[in-house]
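Going line by line, the protein sequences match chains L, C and Y.
Going by my numbering, the first residue of the first sequence is number 454, and it counts up by one from there.
Going by my numbering, the first residue of the second sequence is number 100, and it counts up by one from there.
Going by my numbering, the first residue of the third sequence is number 2, and it counts up by one from there.
Just so you know, the hints here were simulated from the structure itself, not pulled from any lab data.
Only a predicted model underlies this, so the values are computations on that prediction, with no experimental measurement involved.
Just so it is clear, CB atoms sit at the ideal spot from N, CA and C, and this is done for glycine as well.
Any given hint could turn out to be false.
Here are the simulated EDC-like cross-link-like pairs (lysine to aspartate or glutamate), alpha carbons at most 20 Å apart as the crow flies [claimed, not checked]:
#1 C:Lys300 x L:Asp501
#2 C:Lys295 x L:Glu691
#3 C:Lys319 x C:Asp360
#4 Y:Lys145 x Y:Asp129
#5 C:Lys300 x C:Glu284
#6 C:Lys344 x C:Asp359
#7 C:Lys189 x L:Asp974
#8 C:Lys250 x C:Asp222
#9 C:Lys153 x C:Asp322
#10 C:Lys295 x L:Asp501
#11 C:Lys319 x C:Glu284
#12 C:Lys189 x C:Asp364
Facing chain Y, from chain L, some residues (calculated, C-beta under 7 Å) [to be verified]:
#13 Leu689
#14 Tyr692
#15 Asp832
Computed far set for chain L versus chain C, every beta-carbon distance over 12 Å [what the hints assert, rightly or not]:
#16 Ala457
#17 Val469
#18 Leu502
#19 Ala541
#20 Leu567
#21 Val622
#22 Val817
#23 Ala839
#24 Arg843
#25 Pro905
#26 Leu934
#27 Thr990
#28 Ala994
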Amino acid sequence: MKRALLVGAIAAALVVCAIGAQVQTSPLFDPANLRAVGAFVRGLFPPDLSPAFLPVVARATLRTLGVAVAGTVLSMALGLPLGILGTASLWRRGPLLEGERHSLGRAALAAASLVARGLSRFLRAVPELVWALFFVVGFGLGPLPGTLALAVSYAGVLGRVYADLFEAVPPGPIVALHASGATRLQAFAAGIWPQAAGSVAAYSLYSFECCVRSAAVLGFVGAGGIGAEINLSMRLFEYGQVTTLLAALVLLVLGADAFSRALRGRFQRNAVHGSGLLRDALELRSARRGLGLVWLALLLFAFQQAGFVGIAAAGLWPHLGRFAAQLFPPDLSPAFLATLVTPLWQTVAISVVGTAIGIALGSVLALPATSTLLVADPDRRRGLPARALRVAIHGAARASLAVLRSIPELVWVLLCILAVGLGPFAGALALGLHTAGVLGKLYAETLEEVPPAPVEELRAIGAGALQRLLWGMWPQARETLASYTLLRWETNLRVSTVVGLVGGGGLGLALYNDVQLAFYDRAATLVLLIYLLVAATDALADRLRRRPTARGIALAPESALALIAESGSAAAP
Amino acid sequence: MRLLLFAALALAACNKPAPEETLRASMIPTTDPGKATREMQPLVDYLSRHTRAKVEMTVPTNYAAVVEALVNDQVDIAHLGGFTYVQASKRAGVRPLVQRERDRNFHSLFVTQQGSNIRSLADLKGHSFAFGDVNSTSGHLMPEYYMRGSKVDPEVISKALYTGGHDATLLAVANGKVDAGAMDEAVFERMTSSGKIDPAKVRVFYTTPPFLDYIWVARKGLDSRLAQSVSDAFLALDPADPAQKQILDALAASKYVVADDADYDKLRQAAAQAGLLR
Amino acid sequence: MSFELREVALVYPSRAGAVRALDGVTLAIAGGERVALLGPSGAGKSSLLKLFNATARPTAGAIRFEGRRLAALAGSDLRAVRRRIGTVFQQPSLVPSLTALQNALCGHLGSWSLARSLRALLAAAPSDTRVALAALKTVGLLDKAAARADELSGGQQQRVAIARVLVQDPEVVLTDEPFASLDPGLTAQLADLLLHVAQGRTLIAALHDVELALAHFPRIVGLRGGRVAFDAKAAEVSPQMLRELYAHEARGAVG
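Generate coordinates for the entire structure from the input sequences, incorporating the hints supplied.
Given below as structure tokens:
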């Protein structure tokens, strides 16, 4: 009975959200729209590989990479102090503080620590595209604003991740150090850092992968790189160029992932023996000085690509000050706030409908993509044609998921606009397509990793593949599946605030228009609103996870961290 | 130590001083006639020759960024829409230079589907409507101004979509995603003549009275000799010279004339009325 | 109902090279028989049971069920055969997040359609539930019907597994050393239960407990090193045969 009520409530909420996101099935089957999509798809081929265009692609790719590298390095530099200051076990509670006198200084440090946590939360709650939109106006044209947007946004992510890592180290050595008279910073340097450094390096590399994906779409709001070129080519109807640019984007993302995975593996191996970073730094200094110089040169090149040459330009900083001053005070007049109700509601609806589409499409694709259900099932007919067909279906499902996932939401928005027109439905559909790719992969992996013994017993009883899925795999996987889905919804809510920047409806459109008209006090209000919305969602999701009935939904700290890092971007884990 | 030295050298290499004079130009892609304008190379070369400066062209997709870049002295000359010019002159005190002859006599077109029953602005009541970018003159400001002037139902304006560009507006109308839209006449001509849009699918049902639109401007502090040489270069473009004809064609221009700030008062008034200028 | 094995071999690939779990096993079991499989660890008892319930295919030779080669079956034919064969494993692996009742209901899966199994996951039909509750009552776990499987003790889980077999109502019951992990008191209790459940069915049991085997199983098959060491009536099994069966002499086979 209770379950029927819950199902009814969820269905009703979905319908209400579908109305909010202006979901219509008719545009999907409208011949005019189908022709537009058909023309687009035909236009994608052949890709533009002309000598005039390839240098454009190369420059844009290099620039995107430079922005990502510089953004990551800066976000680490900003995130580390935020993380140290935000570490509760250093400043706020735990064995280090027990037995210490209450003093004004200690209270001030505890307050500063809370401020650092709050600042991290604010920096990461505001999507990097929103930061970029502001910085484009504040810092002017070129890649610099994109770099700074990544730096700020990921500083928020890393600040939190670092603090969590520092809090997670075993307290023994720190307490011992403190007891022997070390200050807290000394306790950090000698007690916490050596234990956490390997993980810090691994997560920083992970955030680099996310930064590459983010950097590619920052161009949509004028921050240069691949995103800007895709946007321009779409506007010029040069779909063949879009193909080339998307291919470059996918290659860049895959390359960054491979690079980071390789290095991460090394750090994690070293982390077992202590400090990976320190060891690597030592190696760098001695045996591989030459290689170190190469790295440094590459880093400098990245910063140059990322627009740092101009950061010292006269007039930039005063201008930034003038610009920032215009954000205050935010416009909180009732008349303006009243205009935000609809976009706010649309944003929430887009995230819910987008996630629902992602769950549905992702599940459908996840089943054939799960190897234990299809290709690795020994009960299937074993003739060569049947086997080849199964392998083909499995491969096609995996490939579809990869494509859905590797094209960023904002690019999907541009494509969905062709199919269903401007507005929130295009945003929801775009979100749904990307989410399907992410969730479908996670679902398939989760199902594959379910403990096999109970499922094998069902097989022995005579259960078919889908019955084993329903009765053996689903019950074992459902809590993990639910927690992944919940996390993805949190991510989607953040993304749904920006799909409007390229025509997908919601708060993003209002923000874009206000920035375009230089109504910065209104834009500031919108950023506050986005922050409050994202913070409220995080709080709600945390509560859902903590519900006693949702046993097992809480993730291991390790994976929670990975997903925090992931949620900062349109990335797929 | 060696690392530091290396770093300093590398930084120095990145910070090479620019040659004598650089003219940083910026153009929004709204008037883009197509592929060639990703770089606008012929125009860049022509301006370089005439002004004896190294011309760096950027093609941002964002009007606000160009205005702020002018405020911020990051751009020396820029091609702006009429409304963007009004914004920029208020915020950054930019100087008007030149404009195409046709910019002095520009129109917005109101388009709908061939088979629709919309025949006049008054018929828009109850229909969906699309503007282009929010700070486009011919895609938003002036159409809205004339809509208000002829007492179109305010609901149509308040519920209108912003497509972000003239091309998107025309596509949306042609594919029936909105009932009607307003757009730049030059883009309409280009898209229908190039076959990007089937001319048989759309119908123009209203053309606005003429107004002023696009303009080349110089930032407030730009050396007046350099600004003058830019103006002179544009004014000297001669359709009789094949090479220069190519540039004029790329800019969809027949001839350039000197621009005057006072001509834009009507736009200022329209923008203030619509609450788009504060 | 009958099983017929002819020169059956089962080879597992492993990192250290192929492992011969069964080698040249020839055996026939008729309907209604009660057969105990004895032998040291790694003799091949579990492997043999996997062949009987068609979850493994022989590497060489053939196993026939009612004259049909099991290895040739796939899809719904395979399901139809498995439905008639119930297995109680050494370490029962119930689905941990399902209730005892739901785990017992799983016994129906072989005969349910996909639609019915989907519906039953939300709410099983009263007739199906009655059968499962009756089975839980037989094994003495009616009061734990609503408990999650991972909240039950090892013995209780083993009894749910037996209830599942009752629900399945197969013609053949296979058990793989079902008491190995239980204390002696429980073993006697469960052995009685299992023998009770197997009444009127063919029972093939891999057992550690030689006395239990000799007391309740008319036919004993001794396995050693993947081969049949002896196949005899219980009364004919001599202490000498058993000593040889369990003598320390590893031959690199696994079970």
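Compare the distance between the alpha carbons of C:Lys153 and C:Asp322 with 20 Å, and conclude whether the hinted pair is satisfied. 15 Å, holds
Hint consistency between C:Lys295 and L:Glu691 [alpha-carbon to alpha-carbon, up to 20 Å]: 11 Å, holds
Over 12 Å from every CB of chain C: does L:Val817 meet that, or does the non-interface label fail? At about 28 Å from chain C, L:Val817 clears the 12 Å cut-off, so the statement holds.
For the hint on L:Tyr692, does the least C-beta distance to chain Y fall short of 7 Å? 43 Å, violated
Please check whether the beta-carbon of L:Thr990 is more than 12 Å away from every beta-carbon in chain C. 27 Å, holds
Least C-beta distance from L:Ala541 to chain C larger than 12 Å: 36 Å, holds
Within a Cα-Cα threshold of 20 Å, do C:Lys300 and C:Glu284 meet the stated pairing? 16 Å, holds
Examine each Cβ of chain C, and state whether all of them lie more than 12 Å from the Cβ of L:Val469. 21 Å, holds
Hint consistency between C:Lys300 and L:Asp501 [alpha-carbon to alpha-carbon, up to 20 Å]: 29 Å, violated
Outside-interface status for L:Arg843 - nearest CB in chain C farther than 12 Å: 40 Å, holds
Non-interface claim for L:Leu934: all C-beta distances to chain C beyond 12 Å? With a cut-off of 12 Å, L:Leu934 remains clear of chain C, as the shortest Cβ separation is near 36 Å.
Would the non-interface assignment of L:Val622 survive a Cβ cutoff of 12 Å against chain C? 30 Å, holds
The structure does not agree with the numbered hints 1, 6, 11, 13 and 14 stated previously, though it agrees with the rest.
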